[in-house]
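Asks: Sequence order for the protein chains is L and Y.
Quick note: the first sequence uses our numbering, first residue 1, plus one each step.
Quick note: the second sequence uses our numbering, first residue 749, plus one each step.
Accuracy of the hints is not assured; some may be wrong.
[Said to hold, decoys possible] Among the chain Y residues that face chain L by a calculated CB cut under 7 angstroms, a handful are:
id, residue
1, V762
2, D763
3, M768
4, W772
5, G829
6, D841
7, Q844
8, C848
9, R881
10, Y885
[Said to hold, decoys possible] Calculated from the model, a selection of chain Y residues having no Cβ within reach of chain L, i.e. all distances over 10 angstroms:
id, residue
11, N757
12, P765
13, H779
14, A850
FYI, nobody ran anything at the bench for these hints, they're computed from the structure.
This structure is a prediction, so every number in the text was calculated from the model and none was measured.
All C-beta atoms in this analysis are idealised placements derived from N, C-alpha and C, irrespective of residue type, glycine included.
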Amino acid sequence: MQINRRSFLRISALAGGGLALNLRTSKFALAQAPGAPPDLTPQAFIHIAKDGIVTIMARASESGQGMRIMLPMLIAEELDVDWKDVRIQQADLNEKIYGRQFSGGSANTPMGWEPMRRVGAAGRQLLITAAAQTWGLPADQMDQCTTKAGRVLHSASGRSLGYGELAAKAAALPAPALSSVKLKDPKDYRIIGHSQPGVDTRAIVTGKPLFGIDVELPGMLYASIEKAPVFAGKVKTANIDQIKALPGVRHVIVIDGGITPAAFTPWEPGMEPGIAIVADTWWHAQQARKKLKVDWDLGPAATQSTDGFAAKAAELLKATPERAVRKYGDIDAALGASAKTVEATYQFPFIAHVTMEPQGSTAHWKDGKLEMWSTSTLPADGLALVAKTLGIEQSDITTHMVRSGGSFGRRLQNDYLVEAAWIAKHIDAPVKLLWSREDDVAHDPFRPGATVGLKGGVDAQGKMTAWRHHFVTFGDGKQATSGGGMGQDSFPAGFAPAYALHISMQPLMLRTGALRAPGDNAYCWVAQSFIDELAHAAGRDPLEFQLELLSNKKMPWSSGEHDAVGDHEPTGPSVLIPERFKGVLELVAEKSGWAKRTKEPGRGMGIAAWFCHLGYFAEVADVSVDADNRVTVHRVWAAGDVGSQIINPNAAESMGHGGIMEGMGHLAQEITLVDGVIQQSNFHNHPLMRMRQAPKMEVYWRKTDYAPTGLGEPTLPPILPAVTNAIFAATGKRIRTLPLQRSGFSWA
Amino acid sequence: MSIQLKVNNVATTVDAPPEMPLLWVLRDLLHLKGSKYGCGLGLCGACTVMVGGHAVRSCITPVGTIGTDPVTTIEGLSPEGLHPVQVAWEALDVPQCGYCQAGQIMSAAALLQHTAHPSDSEIDDAMSGNLCRCGTYTRIRQAIHEAAQNATPNPTK
Numbered sequence: 001m002q003i004n005r006r007s008f009l010r011i012s013a014l015a016g017g018g019l020a021l022n023l024r025t026s027k028f029a030l031a032q033a034p035g036a037p038p039d040l041t042p043q044a045f046i047h048i049a050k051d052g053i054v055t056i057m058a059r060a061s062e063s064g065q066g067m068r069i070m071l072p073m074l075i076a077e078e079l080d081v082d083w084k085d086v087r088i089q090q091a092d093l094n095e096k097i098y099g100r101q102f103s104g105g106s107a108n109t110p111m112g113w114e115p116m117r118r119v120g121a122a123g124r125q126l127l128i129t130a131a132a133q134t135w136g137l138p139a140d141q142m143d144q145c146t147t148k149a150g151r152v153l154h155s156a157s158g159r160s161l162g163y164g165e166l167a168a169k170a171a172a173l174p175a176p177a178l179s180s181v182k183l184k185d186p187k188d189y190r191i192i193g194h195s196q197p198g199v200d201t202r203a204i205v206t207g208k209p210l211f212g213i214d215v216e217l218p219g220m221l222y223a224s225i226e227k228a229p230v231f232a233g234k235v236k237t238a239n240i241d242q243i244k245a246l247p248g249v250r251h252v253i254v255i256d257g258g259i260t261p262a263a264f265t266p267w268e269p270g271m272e273p274g275i276a277i278v279a280d281t282w283w284h285a286q287q288a289r290k291k292l293k294v295d296w297d298l299g300p301a302a303t304q305s306t307d308g309f310a311a312k313a314a315e316l317l318k319a320t321p322e323r324a325v326r327k328y329g330d331i332d333a334a335l336g337a338s339a340k341t342v343e344a345t346y347q348f349p350f351i352a353h354v355t356m357e358p359q360g361s362t363a364h365w366k367d368g369k370l371e372m373w374s375t376s377t378l379p380a381d382g383l384a385l386v387a388k389t390l391g392i393e394q395s396d397i398t399t400h401m402v403r404s405g406g407s408f409g410r411r412l413q414n415d416y417l418v419e420a421a422w423i424a425k426h427i428d429a430p431v432k433l434l435w436s437r438e439d440d441v442a443h444d445p446f447r448p449g450a451t452v453g454l455k456g457g458v459d460a461q462g463k464m465t466a467w468r469h470h471f472v473t474f475g476d477g478k479q480a481t482s483g484g485g486m487g488q489d490s491f492p493a494g495f496a497p498a499y500a501l502h503i504s505m506q507p508l509m510l511r512t513g514a515l516r517a518p519g520d521n522a523y524c525w526v527a528q529s530f531i532d533e534l535a536h537a538a539g540r541d542p543l544e545f546q547l548e549l550l551s552n553k554k555m556p557w558s559s560g561e562h563d564a565v566g567d568h569e570p571t572g573p574s575v576l577i578p579e580r581f582k583g584v585l586e587l588v589a590e591k592s593g594w595a596k597r598t599k600e601p602g603r604g605m606g607i608a609a610w611f612c613h614l615g616y617f618a619e620v621a622d623v624s625v626d627a628d629n630r631v632t633v634h635r636v637w638a639a640g641d642v643g644s645q646i647i648n649p650n651a652a653e654s655m656g657h658g659g660i661m662e663g664m665g666h667l668a669q670e671i672t673l674v675d676g677v678i679q680q681s682n683f684h685n686h687p688l689m690r691m692r693q694a695p696k697m698e699v700y701w702r703k704t705d706y707a708p709t710g711l712g713e714p715t716l717p718p719i720l721p722a723v724t725n726a727i728f729a730a731t732g733k734r735i736r737t738l739p740l741q742r743s744g745f746s747w748a
Numbered sequence: 749m750s751i752q753l754k755v756n757n758v759a760t761t762v763d764a765p766p767e768m769p770l771l772w773v774l775r776d777l778l779h780l781k782g783s784k785y786g787c788g789l790g791l792c793g794a795c796t797v798m799v800g801g802h803a804v805r806s807c808i809t810p811v812g813t814i815g816t817d818p819v820t821t822i823e824g825l826s827p828e829g830l831h832p833v834q835v836a837w838e839a840l841d842v843p844q845c846g847y848c849q850a851g852q853i854m855s856a857a858a859l860l861q862h863t864a865h866p867s868d869s870e871i872d873d874a875m876s877g878n879l880c881r882c883g884t885y886t887r888i889r890q891a892i893h894e895a896a897q898n899a900t901p902n903p904t905k
């Protein structure tokens with residue numbers, strides 16, 4: 001019950017078959033395919049003191065999505081304690097005890113929903129058993145015991161005992177099988193569905209050391225790494241001895257690295273070469289870096305450029321596609337018979353994660369043991385990678401999981417952790433590695449760009465007839481680079497009467513990776529923009545056009561039809577349930593007054609919706625564009641369907657705001673290369689949205705009878721096309737190339 | 749060189765080159781980790797502290813230029829979290845990842861020192877140098893209004 005093995009095996013089969021375009025990073029899913037862990041032990045998660053204070057272990061990494069509180073809320077609810085009596089403690093990495101400890105893919109909610117509640121219910125069961133034994137109740141009278149707010153009650157005798165009084169006895173009892181425990185009726189929830197403040201909020205507002213960058217150990221040194229301006233460039237020679245003599249510098253170490261640039265750059269490709277400078281303060285290390293004179297062997301990646309990528313993409317787009325990923329219906333005949341066809345090329349750029357806290361970690365190698373303070377959101381992979389890179393046993397490593405200043409998919413990769421550990425093993429002191437912002441931009445595992453050629457048709461009644469596209473991405477022809485693809489069932493696949501998805505790839509010697517809603521964060525923009533184009537070509541309202549499309553599913557899912565309805569699977573190749581997709585569209589239309597929107601020059605509303613990571617979101621943007629094509633987003637309405645419960649409503653609304661603000665940010669960001677060198681370096685040329693650009697946002701929920709699912713990812717994708725569709729409504733200009741400035745627009 | 753500072757009402761002496769940014773003096777020499785590094789160029793505001801009652805970006809402020817001006821960091825605003833801005837931040841549960849929030853709070857506190865009841869556009873002007881990647885701007889704005897009201901109730905409201 002902890003995980004659904006069938007799903008994971010299916011994902012790996014899909015990835016192994018080479019057809020899936022890395023729809024989302026399946027790394028965390030693949031990692032656990034060989035054998036589900038045994039039943040979780042409630043005693044590992046729940047610690048009750050004599051005074052009744054309950055400490056619940058938070059198993060997942062926290063980078064702002066509220067996982068440190070959400071999973072403990074599930075335990076506390078079923079344990080039946082007052083939230084005020086709950087304390088939360090971050091667990092160290094130990095997946096044998098806690099099960100999977102990661103945060104990614106919006107998976108903690110669906111994967112934690114059932115197991116964490118069962119852990120809490122098993123804890124409650126243990127306390128009842130302990131009370132019954134204390135009172136000498138026969139086993140068949142145990143069901144007369146109830147619980148309330150941290151006490152076991154026996155109403156027949158009027159006796160009661162606090163959990164604190166029972167804790168020692170309960171802890172010594174064997175845990176019941178989690179599958180056997182009874183769960184609450186949702187109508188009795190007192191914690192789930194009620195906003196609980198962030199567990200670290202007080203520490204944050206008072207500036208307590210809390211983040212990866214704040215870790216401090218006695219005698220700790222600080223490290224900074226100079227890397228080649230080009231991916232995987234190697235050190236030929238450097239003025240190492242001069243640098244060693246600079247003030248505050250303790251060590252200068254050349255990192256040979258372990259990357260061989262190739263057409264396909266895998267996830268976690270290996271250590272990047274460079275020169276590590278270890279000093280008394282990080283600023284001293286940075287000052288010393290400025291004095292470095294390095295002769296680099298830049299290697300083959302120096303031939304890459306954005307212009308070269310664009311030229312090659314244009315060439316591939318004209319040529320016969322390398323491969324058909326999915327095709328049904330007679331696409332050419334359907335296009336030929338259409339009353340109207342639209343042809344368009346969409347382009348989106350590489351972008352960087354730019355978490356507010358740049359990458360870094362702290363590590364200490366002592367007496368053959370390694371201790372790490374990790375901000376990774378996939379720490380078990382980090383542990384394995386460190387052990388492999390350093391040639392040490394995993395059992396000789398302790399991983400503390402530290403809050404990070406944002407991840408958005410960045411910290412699913414562990415490159416910075418490996419670097420910190422590697423440096424620690426070369427010196428005799430604890431060391432904190434911190435990347436500069438410039439390091440962070442230049443060496444990000446980027447969201448890869450792509451070019452998509454589309455042709456679609458509508459019939460005389462204004463209905464979609466055909467959808468053909470050619471996705472030109474990056475890879476070696478067999479494997480597409482991670483974080484930038486789309487799935488065989490990505491909307492409108494299955495709904496378009498005739499459909500074809502072709503792909504072609506060009507080589508990429510660059511790290512890429514998952515960025516919040518990987519794949520979907522860009523493909524949603526392409527698909528929902530082109531649907532808007534087809535609706536306008538048909539002279540239809542875009543909402544009505546899309547609702548109609550959703551009402552006429554034509555084909556089974558490529559993964560089979562088995563779970564198209566009532567899909568309660570926690571992860572895996574889930575499928576779009578049309579009723580839910582339509583539901584959020586209808587709700588957002590109602591809340592935004594879509595039907596009554598007025599037309600005025602320079603102002604318009606755009607609508608878009610998406611399904612990904614098991615969640616459904618529709619968003620409407622109200623946008624104005626001035627005479628200089630400067631865009632202001634005034635208001636955004638969002639409607640989401642993530643199942644039957646919004647576990648922590650205040651935090652859920654935050655995720656909604658976050659998805660909208662981040663998605664808006666993506667619209668104006670790009671990473672470009674000249675001679676292999678990344679041209680952006682900091683927030684001035686890879687901007688984030690600022691306060692004055694933030695729209696009014698309203699987030700609404702449509703609760704449906706499905707198990708609760710996550711919010712990190714699905715909130716994001718629809719805002720991009722909602723805004724660009726609104727720009728079209730305001731100006732009549734269709735944005736087919738991102739960032740906005742490449743289409744002649746900018747943020748006001 | 750030896751530099752005298754007054755940080756959070758405590759006189760202290762640090763041994764640092766005068767060009768060393770205040771941020772790294774605070775973080776790595778005085779062990780005050782609340783102020784954060786985000787960009788090193790004064791672009792993001794995560795390092796914001798108050799110097800002489802004004803919000804400054806400590807990552808681009810050489811420690812040698814501080815002189816006798818008192819420095820207030822997030823740790824000194826109110827260690828118990830009782831400053832009206834901190835109270836409002838907590839009440840609205842503003843933070844997501846939380847990394848930028850010390851800088852946001854210091855900018856907001858400096859704004860309220862000079863403008864007791866800022867309008868939305870005054871908030872925009874004062875706060876647009878502080879980046880939040882998580883998207884907490886709506887709640888930050890709300891929290892500033894709430895803090896203003898709690899600090900000195902506005903009779904017109």
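Asks: Against this structure, judge whether each hint is valid.
Replies: For each hint, the structure was consulted:
no.	hint	in the structure
1	V762	11 angstroms, violated
2	D763	11 angstroms, violated
3	M768	6 angstroms, holds
4	W772	4 angstroms, holds
5	G829	5 angstroms, holds
6	D841	5 angstroms, holds
7	Q844	4 angstroms, holds
8	C848	5 angstroms, holds
9	R881	5 angstroms, holds
10	Y885	4 angstroms, holds
11	N757	15 angstroms, holds
12	P765	8 angstroms, violated
13	H779	7 angstroms, violated
14	A850	5 angstroms, violated
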